[in-house]
Amino acid sequence: MTKRVGIVSVAQGAGAESKDNFYDQAYRITKEVLEKVGITRDDLGTIVTASSDIFHGGISCANSYYWETTGAFLKNASRQDGESLFAFFYAVMRILSGQFDTALVMALCKGSENPPNDTCTLMFADPFYQRPVGLQETLAAALQMRLYLERYGITEEQCAEVAVKNLGNALGNPYAHRKGRYTVEEILGSERLADPLTALQVAPKSEGMVAVLLASEEKARALTDKPVWFKGYGSSLDHFYLGDRDLLKGPLRDAAARAYRMAGIADPQKEIDLAEITEPYAFQELLWCEDLGLCGEGEGGKLIASGRTRRNGDLPVNPSGGVLANNPYVSRGLQRLVEAVLQIRGEAGERQVPKEVKTALAHGTHGFAGQCHAVAIVGIG
Amino acid sequence: MAKEYKTLMTEIRLPYELSYGPVWTRFFEGMAEKKLYGTKCEKCGRILVPARSFCPRCFVDTTEWVEVAQQGTLTAWSYVNYRYFGMPTEPPFIGALIRLDGTDVDFLHLMGGIDLNDFEQVRKVVKNGMKVRAVWKEERQGHILDIRYFEPI
Amino acid sequence: MGRPVAIIGVGQTKHGRRTEISYPDLVREAVVRVFEDTRLTPADIDGVVSGTMPSMMEGIALTHFYFADAMQAAGKPILKTETCGSTGISIAHTAYYWIASGMADLILAVGHEKMNEGNSQATMTTVVEPFYQRYFIAGAPGVFSMQSQMWAARYGIPEEKIRDAAAYISVAHHDDAFDNPYAHVKLRVTMDDVKNSRLITYPVRLLDVCPNSDGACAVIFASAEMARKLGRKAAWVKGVGYRGEEYFFGDSDKGVWQSAVQAAKQAYDQAGIRDPRKELDVAEVYNPFTFQEMLFYECFGFCGLGEAPDLVLKGVFARNGELPCDPSGGTLCTNPIGATGLIRTAEAALQVTGRAGDHQIPGAKLALCHAMGGVDQFNGVMILGAEP
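Chains as they are written, first to last, in the numbering used here: chain A, 2 to 382; chain B, 767 to 919; chain C, 44 to 431.
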């Protein structure tokens with residue numbers, strides 16, 4: 002990359018249910034992200050949004066509904082389905098093309114209006130083979146967790162520790178939907194939804210209007226004293242049928258390798274200061290940490306036991322509380338990025354980590370047992 | 767002859783619960799009282815109906831509520847004469863854009879109060895530019911169909 | 044404009060009512076053809092961008108999961124672009140920006156739809172918002188007919204003349220489709236057939252409307268270096284434009300449709316086009332409805348406002364006319380929606396590379412392709428040329 006893209010402003014809405022309508026929620030977050038750097042809709046170059054029809058209140062062609070709420074009236078804009086980090090990357094591409102000097106990335110999902118997540122993700126399954134069996138994300142994750150426990154001797158307690166850590170971290174996050182101080186016993190003693198998964202190890206269904214404003218290097222420096230730079234991105238998709246895949250060696254390895262290569266990162270354990278990871282199921286934080294190279298293969302259990310990934314550890318993971326605390330399905334990847342940016346800028350409030358954060362990783366995943374992953378690296382310097 | 771392959775008949779139903787929020791709640795409360803409200807954009811001065819919390823073009827909050835006229839001018843129409851699964855309105859009907867007097871956008875609703883069975887007759891009566899007014903239901907519940915249709919004046 | 048981008052190959056399915064094949068296999072049919080066309084293999088591809096219509100039409104949500112294998116996308120970077128009816132052209136735009144940004148050299152773009160598996164009009168009704176407007180717009184024909192009526196009543200042109208011009212377009216495109224091996228509807232019709240066909244949504248009659256098609260389209264985009272290295276005859280992207288309007292039908296004038304006007308202008312400015320009717324050799328306009336096609340001619344500057352019906356009846360936009368439009372038979376004869384905008388792109392690429400077969404416009408060097416969507420909200424345009 003010869004040119005740089007800067008993140009100049011971020012905004013997010015609260016995860017708890019709001020009786021405000023979708024349209025007005027989206028408008029307010031757009032206003033906020035623009036006003037933080039003192040620009041108006043007229044100054045905006047392009048807009049890329051992320052949303053999915055299945056998570057969109059029964060209204061089809063999602064971006065038809067909210068087009069003007071993102072400031073897009075008579076502007077050149079586009080939309081990504083499924084994963085909001087897709088939209089982030091597409092907006093980066095639009096700036097790198099030289100055609101736009103600012104780009105708004107916006108993820109829109111109002112969980113309180115939608116059916117249960119499992120009802121929605123059942124619709125990912127093909128109608129012939131997998132849907133009649135009842136495959137959805139929670140069942141897929143339970144199967145993946147069973148394999149994970151058995152292949153590497155990870156314990157259920159170690160998985161529950163992730164929920165203890167993240168729901169505890171969420172106490173410092175005013176946007177978090179679910180939070181609390183729990184013990185491992187309470188996590189494991191919560192309702193068994195799909196054994197070995199218990200209710201407190203499964204993410205809730207949250208609201209999530211999340212916005213990120215990007216700018217070309219020159220424009221970024223003009224808009225803020227604290228630009229955070231785009232460093233790298235990678236994504237990858239796995240085969241469709243669950244039985245065709247090795248659920249413990251998924252496409253996150255490829256996605257991470259691509260992002261690290263672009264960012265020039267040779268040793269992620271040393272060079273990544275903080276990670277915000279999409280872990281809709283507690284154990285996945287451990288598995289994804291392995292795939293991201295933040296610990297060795299099969300060492301996820303040891304990583305959480307070491308305490309290194311706590312908010313005050315040397316490799317904080319999900320100091321925001323992660324997706325276990327806040328799960329606006331489509332928006333969660335971009336929300337991870339917003340949290341990473343806030344930490345780098347030292348603006349994370351009570352959830353700010355005590356160490357210096359120069360380079361941070363944001364991760365998004367969607368699909369059965371992580372069929373698709375996206376990784377973004379951002380940093381200063 | 768080519769072999770016929772099977773198809774799977776299936777149906778999907780999903781429940782959603784949508785929030786009105788404060789602005790739309792107020793608009794529909796008005797309908798229950800036989801009143802139509804718009805909101806005014808301070809910047810461009812346009813009166814938007816149905817009421818909006820912000821102006822899509824100026825991107826500023828609308829602050830002023832305005833009760834708008836219940837009559838206006840037909841700006842476009844289509845006589846709908848086909849049906850499909852899940853159709854919310856029984857055909858034949860006339861979908862119509864109506865510029866309510868004193869407002870700055872078109873309001874979408876139905877044209878009625880005329881015999882809809884003979885299209886050639888309809889075409890003789892319904893013309894862009896004609897004046898129309900709202901016909902309300904006796905029983906109202908704060909719903910867009912509390913107005914039965916707009917009829918020619 | 045970023046670095047130059049070219050289209051180096053296309054693949055289409057036979058479009059139509061394809062109940063004999065599963066949806067993934069339909070997608071695969073197009074993907075296999077683009078690899079045959081380019082003599083590339085999936086291993087060569089840097090990333091895949093796909094898209095379709097909303098999940099209610101598909102019966103499947105987030106279709107990139109289901110079609111990962113059909114698209115040969117496993118292990119690949121992926122993007123999923125969806126913008127309602129304009130999805131196909133938005134996919135093309137995503138592929139373009141991916142390469143123009145310098146982030147990739149070879150991108151596979153795939154658009155697909157199996158319209159006959161779902162219910163298109165029931166889905167289209169759910170695009171309209173449920174509080175105020177859903178009851179009054181009868182699917183896509185409802186909204187686009189109201190727009191057509193608004194336009195047709197504006198310039199004082201006798202209704203009969205506009206009716207004749209729309210019928211002329213229908214007859215011409217139905218004839219054109221016979222020369223396109225992939226087209227869905229192949230039917231000889233007369234002006235009287237069109238004018239006497241069943242009234243659907245006034246002023247639109249049955250033969251003014253596109254069909255429900257099953258179909259997919261795959262297109263490979265390449266950087267200039269890659270296109271030269273592969274030695275492929277390429278269609279070069281000269282301009283891209285896209286604009287969208289408000290959701291509430293009634294907020295904007297649809298007779299002179301600003302999103303169409305400005306999307307075209309953005310693309311023309313990049314391509315250096317000042318007089319589109321003179322400079323363009325062919326256009327693939329997204330035309331699911333005959334009346335609307337004339338409105339596009341005006342919005343794209345092919346003629347002045349209110350002039351389209353006269354010029355249509357003079358044959359200006361016919362196959363042998365001054366600016367042939369939709370020589371493939373267009374959307375009017377083939378509409379697998381999620382693929383349709385990308386089919387327009389593929390057809391334009393075939394034209395400027397002289398590979399359009401029986402519906403080739405001789406010597407075509409500069410082409411426009413287009414798609415529209417939403418509740419009469421979105422327009423996207425791409426200009427392709429024979430030279431970089």
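I should point out that these hints are in silico values taken from the structure, not numbers from a laboratory.
Treat the hints with caution; some may be incorrect.
The following label-pair restraints were derived from C-beta to C-beta distances [claimed, not checked]:
hint, chain 1, residue 1, chain 2, residue 2, range
1, A, Asp226, B, Glu783, 39 to 47 Å
2, B, Tyr771, C, Arg231, 24 to 32 Å
3, B, Pro857, A, Glu151, 58 to 66 Å
4, C, Lys57, B, Glu904, 50 to 58 Å
If we take Cβ atoms under 7 Å as the criterion, some of the chain A residues that face chain C in the derived model are [unchecked claim]:
hint, residue
5, Trp68
6, Arg80
7, Gly83
8, Phe87
9, Leu97
10, Gly99
11, Phe125
12, Ala195
13, Asp239
14, Leu243
Quick list of in silico lysine-lysine cross-link-like pairs, DSS-like style, CA-CA up to 27 Å [said to hold, decoys possible]:
hint, chain 1, residue 1, chain 2, residue 2
15, B, Lys893, C, Lys204
16, C, Lys204, B, Lys890
17, C, Lys229, B, Lys769
18, A, Lys32, B, Lys806
19, A, Lys20, B, Lys806
20, A, Lys37, B, Lys769
By construction, the Cβ of each residue, glycine as well, lies at the ideal position given by its N, Cα and C atoms.
To see whether the hints hold, each was checked on the structure:
| no. | hint | in the structure |
| --- | --- | --- |
| 1 | Asp226(A) to Glu783(B): 39 to 47 Å | holds (44 Å) |
| 2 | Tyr771(B) to Arg231(C): 24 to 32 Å | holds (30 Å) |
| 3 | Pro857(B) to Glu151(A): 58 to 66 Å | holds (59 Å) |
| 4 | Lys57(C) to Glu904(B): 50 to 58 Å | holds (56 Å) |
| 5 | Trp68 | holds (5 Å) |
| 6 | Arg80 | holds (5 Å) |
| 7 | Gly83 | holds (5 Å) |
| 8 | Phe87 | holds (5 Å) |
| 9 | Leu97 | holds (4 Å) |
| 10 | Gly99 | holds (5 Å) |
| 11 | Phe125 | holds (5 Å) |
| 12 | Ala195 | violated (20 Å) |
| 13 | Asp239 | holds (6 Å) |
| 14 | Leu243 | violated (11 Å) |
| 15 | Lys893(B) to Lys204(C) | holds (17 Å) |
| 16 | Lys204(C) to Lys890(B) | holds (18 Å) |
| 17 | Lys229(C) to Lys769(B) | holds (23 Å) |
| 18 | Lys32(A) to Lys806(B) | holds (19 Å) |
| 19 | Lys20(A) to Lys806(B) | holds (23 Å) |
| 20 | Lys37(A) to Lys769(B) | violated (64 Å) |
Checked against the numbered hints given earlier, the structure breaks hints 12, 14, 20 and satisfies all the rest.
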